[in-house]
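Student: Sequence:
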Amino acid sequence: MKYLNQQEAINVDQDLFNDYKFSVDQLMELAGLSCSHAIAKCYAAPQYARVLVCCGPGNNGGDGLVCARHLSLMGYKPRIYYPKPTPNPLYENLTHQCKSMNIEFVDATPDLENISQQYDLIVDALFGFSFKPPVRETFVSIINVLQNTKLPIASIDIPSGWHVENGKNNECDFEPSLLISLTAPKLCAKFYKGPHHYLGGRFVPPALREKYQLDLPEYPGTETCVKLS
-9 MKYLNQQEAI NVDQDLFNDY KFSVDQLMEL AGLSCSHAIA KCYAAPQYAR
41 VLVCCGPGNN GGDGLVCARH LSLMGYKPRI YYPKPTPNPL YENLTHQCKS
91 MNIEFVDATP DLENISQQYD LIVDALFGFS FKPPVRETFV SIINVLQNTK
141 LPIASIDIPS GWHVENGKNN ECDFEPSLLI SLTAPKLCAK FYKGPHHYLG
191 GRFVPPALRE KYQLDLPEYP GTETCVKLS
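Note that the numbering used here has the sequence shown beginning at -9, numbered continuously upward.
Do not rely on the hints blindly, as some may be mistaken.
Said to hold, decoys possible - The calculated lysine to aspartate or glutamate pairs, modelled on DMTMM-like cross-linking and capped at a C-alpha distance of 25 Å, are:
| id | residue 1 | residue 2 |
| --- | --- | --- |
| 1 | K11 | E200 |
| 2 | K11 | E82 |
| 3 | K67 | E165 |
| 4 | K(-8) | D9 |
| 5 | K140 | E94 |
| 6 | K31 | E94 |
| 7 | K(-8) | D3 |
| 8 | K180 | E(-2) |
| 9 | K217 | E(-2) |
| 10 | K183 | E155 |
| 11 | K74 | D15 |
Claimed, not checked - Computed Cβ-Cβ distance ranges for the label pairs, DEER-style:
| id | residue 1 | residue 2 | range |
| --- | --- | --- | --- |
| 12 | N160 | K89 | 34 to 42 Å |
| 13 | A34 | V216 | 12 to 20 Å |
| 14 | N134 | K11 | 40 to 48 Å |
In case anyone wonders, no lab produced these hints; they're calculated from the structure.
Note that CB positions come from ideal geometry on N, CA and C, so glycine has one too.
Sequences and hints are given; from them, build the entire structure.
Tutor: Right, dumping it as structure tokens:
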């Protein structure tokens, strides 16, 4: 299976948009749904119902908003930390959908000392493969929580703060307990040592697989995600 560098990941996305005419919200919905399914396979609702979903301002954060909505429909009780909402109709609609389903948005960064009493699981949807360090001031406090919490963390596509190709760095080196790669794994996933690695985003056309020689695993049956390790 091929692991994508940053430019390849960008090119694959652009091909999906331009050559195959997928819309951003289409891919976001499918990606977020697959993330919720991967989370449910590893962290079942009765034991891990209280979920903090941390969303950034880009597409990764949009995936997180979709994921939170589907987790709610699956019996979880997500709350969303979204410190820098994106002033864009797509993200505003995703936010509205979550609020319409009575999913709470929290304004303050969760307190590290008490987070284990409030939540069972954290979903990291802050930064995706376009991230370039350093971490901006708005997100320093929540990255500190991810760095130091003992709660399990499910990272969407990239562990936030990791270099998309080189993995951990001095500023951010937390290891999520679940990594959900989307479309195809990025190079940094080679450095992932956690217990659960899934692939989600079952929407890659066969010709696109061939063009980039992705050699993706087969998804079992009607599953939206597949376990890699």
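Student: When the structure is checked against the list of hints, which entries are broken? Sort them ascending.
Tutor: Violated hints: none; all satisfied.
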